[in-house]
Amino acid sequence: MLTDKYITASCTINKGVVSKNGIKLFENDTNIAALLLSTYQHLQLNYPKFYKMDNLSKLGWLTAEVLLKDGFKKDDYQPEDISAILTNANSSLDDDIKYLDSIKDVASPSLFVYTLPNIVIGEICIRNHFKGEQAFYIQDEFDADFMAQQVNYQLDNNISQACICGWVDVLEQDYKAVLFLVEKKRNENSVEFSAKNMRKIFNKD
Amino acid sequence: MSGITQQDVFIVTDNVLTPLGKTTAENFAKLKEGISGVKEHYRTAISPLSFFASLFDQDEQILKADEHDYTKFEQLLVASIADALNGSGIDIRDKKTILIISSTKGNISLLEDGINNIELKNRISLSTSAKLVAEHFGFQNKPIVVSNACISGVLGIITAMRLLRSGEYEHAVVAGADVISRFIMSGFQSFQALSPQQCKPFDQAHDGLNLGEGAATIILSTNEKYAQNIKVKGGSVSNDANHISGPSRTGEELAGAIKQALKDADLSPSDIDFISAHGTATVYNDEMEANAISIAGLQKVPTNSLKGYYGHTLGAAGLIESIISIQSLKQNLILPTIGFKEAANADKVNVLADAKRIKANNFLKTASGFGGCNAAVIFGK
Chain A
1 MLTDKYITAS CTINKGVVSK NGIKLFENDT NIAALLLSTY QHLQLNYPKF YKMDNLSKLG
61 WLTAEVLLKD GFKKDDYQPE DISAILTNAN SSLDDDIKYL DSIKDVASPS LFVYTLPNIV
121 IGEICIRNHF KGEQAFYIQD EFDADFMAQQ VNYQLDNNIS QACICGWVDV LEQDYKAVLF
181 LVEKKRNENS VEFSAKNMRK IFNKD
Chain S
1 MSGITQQDVF IVTDNVLTPL GKTTAENFAK LKEGISGVKE HYRTAISPLS FFASLFDQDE
61 QILKADEHDY TKFEQLLVAS IADALNGSGI DIRDKKTILI ISSTKGNISL LEDGINNIEL
121 KNRISLSTSA KLVAEHFGFQ NKPIVVSNAC ISGVLGIITA MRLLRSGEYE HAVVAGADVI
181 SRFIMSGFQS FQALSPQQCK PFDQAHDGLN LGEGAATIIL STNEKYAQNI KVKGGSVSND
241 ANHISGPSRT GEELAGAIKQ ALKDADLSPS DIDFISAHGT ATVYNDEMEA NAISIAGLQK
301 VPTNSLKGYY GHTLGAAGLI ESIISIQSLK QNLILPTIGF KEAANADKVN VLADAKRIKA
361 NNFLKTASGF GGCNAAVIFG K
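Residue numbers (the numbering used here), protein chains in the order written: chain A, 1 to 205; chain S, 1 to 381.
These are calculated hints, taken from the structure and not from any lab test.
Misleading hints may appear alongside valid ones.
[To be verified] Subject to a maximum C-alpha distance of 25 Å in a straight line, what follows is the list of computed SDA-like cross-link-like pairs (lysine to any residue):
(1) 381/S x 83/S
(2) 49/A x 190/S
(3) 184/A x 260/S
(4) 104/A x 43/S
(5) 15/A x 117/S
(6) 98/A x 72/S
(7) 176/A x 138/S
(8) 185/A x 129/A
(9) 176/A x 140/A
(10) 22/S x 86/S
(11) 184/A x 72/S
(12) 176/A x 200/A
(13) 98/A x 122/S
(14) 231/S x 169/S
(15) 196/A x 158/A
(16) 74/A x 188/A
(17) 72/S x 140/A
(18) 98/A x 109/S
(19) 69/A x 44/A
(20) 176/A x 29/A
(21) 39/S x 192/S
(22) 131/S x 26/A
(23) 98/A x 22/S
(24) 263/S x 157/A
(25) 196/A x 140/S
(26) 231/S x 85/S
(27) 381/S x 341/S
(28) 96/S x 153/A
(29) 95/S x 139/A
(30) 263/S x 98/A
(31) 184/A x 241/S
(32) 30/S x 57/S
(33) 69/A x 188/A
(34) 98/A x 119/S
[To be verified] One side of the interface only, derived from the structure: several residues of chain A facing chain S at Cβ under 10 Å:
(35) 37
(36) 38
(37) 84
(38) 93
(39) 99
(40) 111
None of the values given here were measured: they were computed from a predicted structure.
Note that CB positions come from ideal geometry on N, CA and C, so glycine has one too.
Please put together the full structure from these sequences, using the hints given.
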């Protein structure tokens with residue numbers, strides 16, 4: 001059954017700026033490590049596991065924190081009804097390089113575990129207790145049509161009732177994260193869920 | 001599946017390319033003889049210590065007369081896809097055909113040479129490999145790349161099944177491969193996840209996994225001319241939301257994926273004739289999986305793990321093990337679990353120590369991986 005779907009929130013972390021639904025929340029354009037830490041502090045979060053994450057997981061996890069805060073009614077859903085579909089270009093290469101550096105001395109299991117791109121999905125799921133579908137795809141650039149197809153299939157077939165989808169990419173000092181919350185109900189900020197609207201938000205900076 | 005009328009997804013043909021053989025038939029023949037690819041290796045390029053794994057010979061030529069500058073990873077994909085396509089009648093250049101590639105680490109070994117520049121980073125990218133493979137065969141659509149830890153192969157099949165069901169494409173070529181390098185070996189060593197001998201899935205003495213190399217390809221279609229073939233009947237994915245490097249304590253989440261896959265296939269637990277488990281032979285994995293199988297009501301169903309033959313082939317595992325099990329379905333012969341003698345969880349999972357001839361209609365394939373991911377897919381006549 002084709003159902004109406006809406007982007008009920010979006011969050012972008014790009015070029016030192018954290019924004020939600022197109023509105024700038026916070027800025028720190030020094031370097032990625034400083035941006036991630038200061039965003040965490042700005043949000044006044046208390047989640048010690050954050051410090052153990054690699055930059056890809058920190059970036060995706062923080063983007064999801066901003067995306068879901070103020071407005072997302074998690075209790076309206078079963079844990080199995082919320083899915084996550086993420087994509088990027090550089091897989092986990094940022095951490096792969098750091099892990100490989102560690103094996104010259106002693107191979108670090110805590111770096112090795114992050115040498116898979118889907119670990120960021122695991123971190124978001126652990127934090128929010130999401131137990132639904134999940135997938136990580138590698139693309140040379142954000143493919144809004146592919147994403148729309150994937151999300152439509154899940155929501156139209158009631159495989160999921162809500163989906164967190166988008167792009168989380170880090171390689172050294174280059175990074176960009178754009179996440180969308182897609183639900184079957186509207187709110188005051190929502191726009192229709194479509195490849196066109198995702199592309200518009202993605203390219204807005 | 002409620003709502004949309006969905007098309008059946010049929011298996012056209014397949015290939016398994018491993019140290020045991022270059023075709024599905026060669027591989028299945030070796031497995032029927034009880035031959036394993038896992039042995040002790042001394043390769044300092046991969047590990048300073050000896051290790052048990054299933055590896056291609058160092059001088060093995062995967063592609064004959066390779067005029068391209070393909071890496072071993074890409075050669076495996078090309079060779080596997082080429083064999084699967086051979087005589088299949090599938091039109092690669094048709095806009096209704098999609099290529100899906102599954103891998104965990106692809107060309108990561110290129111990083112081990114110590115050079116670190118932008119050209120190398122682009123060369124390592126899975127998108128680059130996918131593009132080269134797509135161009136080699138002349139696929140018209142941009143390939144899809146799945147990289148989702150050890151469920152990558154099964155997730156590739158589920159992604160294809162859904163794209164075909166929705167009518168987006170008519171044919172899908174799903175190929176997976178991984179190559180064992182120092183990068184991967186050292187990581188599993190650092191986790192103390194490797195067995196010092198041939199692995200023993202679901203056995204009381206299970207003490208870790210073996211790694212393995214390989215590739216596999218499965219070609220799927222909704223075209224009714226394949227209606228007599230085996231079908232991909234349903235699939236599902238879940239997340240444990242528990243730990244990034246350890247599985248669920250309860251197995252509830254893999255059980256959830258199994259139940260959803262059954263629902264998707266419109267089948268009940270009693271319709272499942274055998275299970276091809278992930279069965280890595282780590283204590284954590286095997287226990288979680290035994291719990292999940294039991295929760296899903298499948299504790300009596302004959303189950304095997306093929307890791308004793310191939311080791312853990314990572315992004316190829318879900319494909320290799322699905323294709324071997326499709327042969328089991330065709331030949332009504334379920335393979336034993338090499339390395340298994342005394343059950344670690346006898347009341348929760350019925351692991352086969354010996355080959356079993358049964359009339360089978362449907363089987364379940366499961367997979368789980370780092371990041372807390374689980375996947376289940378059901379194939380049937």
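Evaluated hints:
A C-alpha spacing of about 24 Å is found between residue 381/S and residue 83/S, which places the hinted pair at or below 25 Å, so the restraint holds. Proposed proximity of residue 49/A and residue 190/S is supported: the alpha carbons are some 20 Å apart, at most 25 Å. A C-alpha spacing of about 21 Å is found between residue 184/A and residue 260/S, which places the hinted pair at or below 25 Å, so the restraint holds. As the CA atoms of residue 104/A and residue 43/S are separated by approximately 17 Å, the hinted pair is consistent with the 25 Å bound.
Restraint check for residue 15/A and residue 117/S: satisfied, since their Cα atoms lie roughly 22 Å apart, inside the 25 Å limit. A C-alpha spacing of about 24 Å is found between residue 98/A and residue 72/S, which places the hinted pair at or below 25 Å, so the restraint holds. Note on residue 176/A and residue 138/S: the hinted pairing is violated, with a Cα-Cα distance of about 32 Å set against a maximum of 25 Å. For the given pair, residue 185/A sits about 21 Å from residue 129/A by alpha-carbon distance, which is consistent with the 25 Å threshold.
Proximity of residue 176/A to residue 140/A is assessed by CA-CA distance (about 13 Å); at most 25 Å being required, the pair is judged to hold. Of the supplied pair hints, the one linking residue 22/S and residue 86/S holds, its CA atoms being roughly 13 Å apart against a limit of 25 Å. Pair hint residue 184/A plus residue 72/S does not hold up; C-alpha atoms about 45 Å apart against a cutoff of 25 Å. Distance hint between residue 176/A and residue 200/A is fulfilled; the C-alpha atoms sit about 15 Å from each other, no more than 25 Å.
A hinted pair counts as satisfied when its Cα atoms are at most 25 Å apart, and residue 98/A with residue 122/S qualifies at roughly 17 Å. Note on residue 231/S and residue 169/S: the hinted pairing holds, with a Cα-Cα distance of about 16 Å set against a maximum of 25 Å. Taking the CA atoms of residue 196/A and residue 158/A, the gap is near 23 Å; set against the 25 Å cutoff, the hint holds. Restraint check: the Cα-Cα separation between residue 74/A and residue 188/A comes to about 17 Å, which is no more than 25 Å; the hinted pair holds.
Proposed proximity of residue 72/S and residue 140/A is supported: the alpha carbons are some 22 Å apart, at most 25 Å. A distance of roughly 14 Å separates the Cα atoms of residue 98/A and residue 109/S; the hinted pair therefore holds under the 25 Å criterion. The straight-line distance between the Cα atoms of residue 69/A and residue 44/A is roughly 12 Å, inside the 25 Å bound, and the hint therefore holds. About 13 Å separates the Cα atoms of residue 176/A and residue 29/A, which keeps this hinted pair within 25 Å; it holds.
For the proposed pair residue 39/S and residue 192/S, the alpha carbon gap of about 19 Å is at most 25 Å, so the pair holds. In summary, the hint linking residue 131/S to residue 26/A is not supported, as the alpha carbons are separated by about 38 Å, beyond the 25 Å threshold. Only pairs whose Cα atoms come within 25 Å are accepted, and residue 98/A paired with residue 22/S is rejected, the gap being roughly 36 Å. At roughly 12 Å between alpha-carbon atoms, residue 263/S and residue 157/A fall within 25 Å of each other, so this suggested pair holds.
Of the pairs offered as hints, the one joining residue 196/A and residue 140/S holds, with about 23 Å between alpha carbons and a cut-off of 25 Å not exceeded. Between residue 231/S and residue 85/S the CA atoms are separated by roughly 18 Å; this keeps the pair inside 25 Å, and the hint holds. For the hint pairing residue 381/S with residue 341/S, the CA-to-CA distance comes to about 31 Å; that exceeds 25 Å, so the pair is violated. Taking the CA atoms of residue 96/S and residue 153/A, the gap is about 18 Å. The hint holds against a cut of 25 Å.
With a CA separation close to 19 Å, the supplied pair residue 95/S and residue 139/A stays within the 25 Å bound. Simply put, residue 263/S and residue 98/A have alpha-carbon atoms about 43 Å apart, too far for the 25 Å limit, and the pair is violated. For the given pair, residue 184/A sits about 23 Å from residue 241/S by alpha-carbon distance, which is consistent with the 25 Å threshold. With a CA separation close to 17 Å, the supplied pair residue 30/S and residue 57/S stays within the 25 Å bound.
Proposed proximity of residue 69/A and residue 188/A is supported: the alpha carbons are some 15 Å apart, at most 25 Å. With a C-alpha separation of about 18 Å, the suggested pairing of residue 98/A with residue 119/S holds against the 25 Å cut-off. Hint on residue 37/A is violated. Least Cβ distance to chain S is approximately 20 Å, over the 10 Å limit. Taken as an interface hint, residue 38/A does not check out: its beta carbon lies about 24 Å from the nearest beta carbon of chain S, beyond 10 Å.
Here the hint on residue 84/A is kept, as its CB sits about 8 Å from the closest CB of chain S, short of 10 Å. Hint status for residue 93/A relative to chain S: holds, with the closest Cβ pair at about 6 Å, below 10 Å. Interface hint status for residue 99/A: upheld, as the beta-carbon distance to the closest one in chain S is roughly 7 Å, under 10 Å. With 10 Å as the threshold, the beta carbon of residue 111/A comes within range of chain S, its nearest partner Cβ sitting at about 9 Å, so the hint holds.
Checked against the numbered hints given earlier, the structure breaks hints 7, 11, 22, 23, 27, 30, 35, 36 and satisfies all the rest.
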